[in-house]
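Go ahead and model the full structure; you've got the sequences and the hints to work with.
When you line the sequence shown up against the working numbering, it's residues 14 to 192, in that order.
What the hints contain is simulated information worked out from the structure, not anything from laboratory work. Just so you know, not all the hints are guaranteed correct.
[Unchecked claim] No farther apart than 30 angstroms at their CA atoms in a straight line, the calculated lysine-lysine pairs in the DSSO-like style are these:
#1 Lys127 - Lys48
#2 Lys102 - Lys137
#3 Lys107 - Lys80
#4 Lys125 - Lys107
#5 Lys148 - Lys137
#6 Lys102 - Lys61
#7 Lys119 - Lys48
#8 Lys137 - Lys107
#9 Lys119 - Lys107
#10 Lys107 - Lys48
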Amino acid sequence: GELGGNHCLRGFLLDGFPRNLNQAQSLDDSCGIDKVFNIEISDQEAMKRISGRRICSSGHVFHLEFKPSSKGDVCDICGEELYLRDDDKEEVVKKRLAIYRQETSKLLDHYKRKDKLVVFDGQKEIADVFNYLLKLVDILDMDLEKAALEKINENGKKYPVEESKGKSVKYTEFNEDES
14 GELGGNHCLR
24 GFLLDGFPRN
34 LNQAQSLDDS
44 CGIDKVFNIE
54 ISDQEAMKRI
64 SGRRICSSGH
74 VFHLEFKPSS
84 KGDVCDICGE
94 ELYLRDDDKE
104 EVVKKRLAIY
114 RQETSKLLDH
124 YKRKDKLVVF
134 DGQKEIADVF
144 NYLLKLVDIL
154 DMDLEKAALE
164 KINENGKKYP
174 VEESKGKSVK
184 YTEFNEDES
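Spelled out as structure tokens, the structure:
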């Protein structure tokens, strides 16, 4: 498969996969997983982040709060109208979240038993969560290309790490003063 190719020899990141226990077991059997990051946010925050997205037909993505278009309902880049995808409508998001919570609990238990689960608070600002994730990858000594990490993680913030009582590592606090 794709993950078994030479382009994955240095490692890889998956976003939103596996989605269920069968997929996780197949992935474990085919190539194995070193760590699984679970970015915990409330359903309310997920709803806010998802239902606030707007896109144009060219695929440029904006957000009503976090990355608004300077032209209102028109794309800053191409001038096309911005719209809410059907999958991002509140009633659809509620159903997606219910399914996600039901399936994810099984996945989290699976990876916690294997001592591969990394859990942290995703309620912070999106940019901080993203930079924090990059720092976790670095802390866990996962092999990413240095240039890509430097380009994306320009602020160089460091975050504390603590062991939880369970089988997962828990990263809890954002300390803006630490460097």
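Hint check:
no.	hint	in the structure
1	Lys127 - Lys48	10 angstroms, holds
2	Lys102 - Lys137	23 angstroms, holds
3	Lys107 - Lys80	23 angstroms, holds
4	Lys125 - Lys107	26 angstroms, holds
5	Lys148 - Lys137	15 angstroms, holds
6	Lys102 - Lys61	11 angstroms, holds
7	Lys119 - Lys48	16 angstroms, holds
8	Lys137 - Lys107	21 angstroms, holds
9	Lys119 - Lys107	19 angstroms, holds
10	Lys107 - Lys48	28 angstroms, holds
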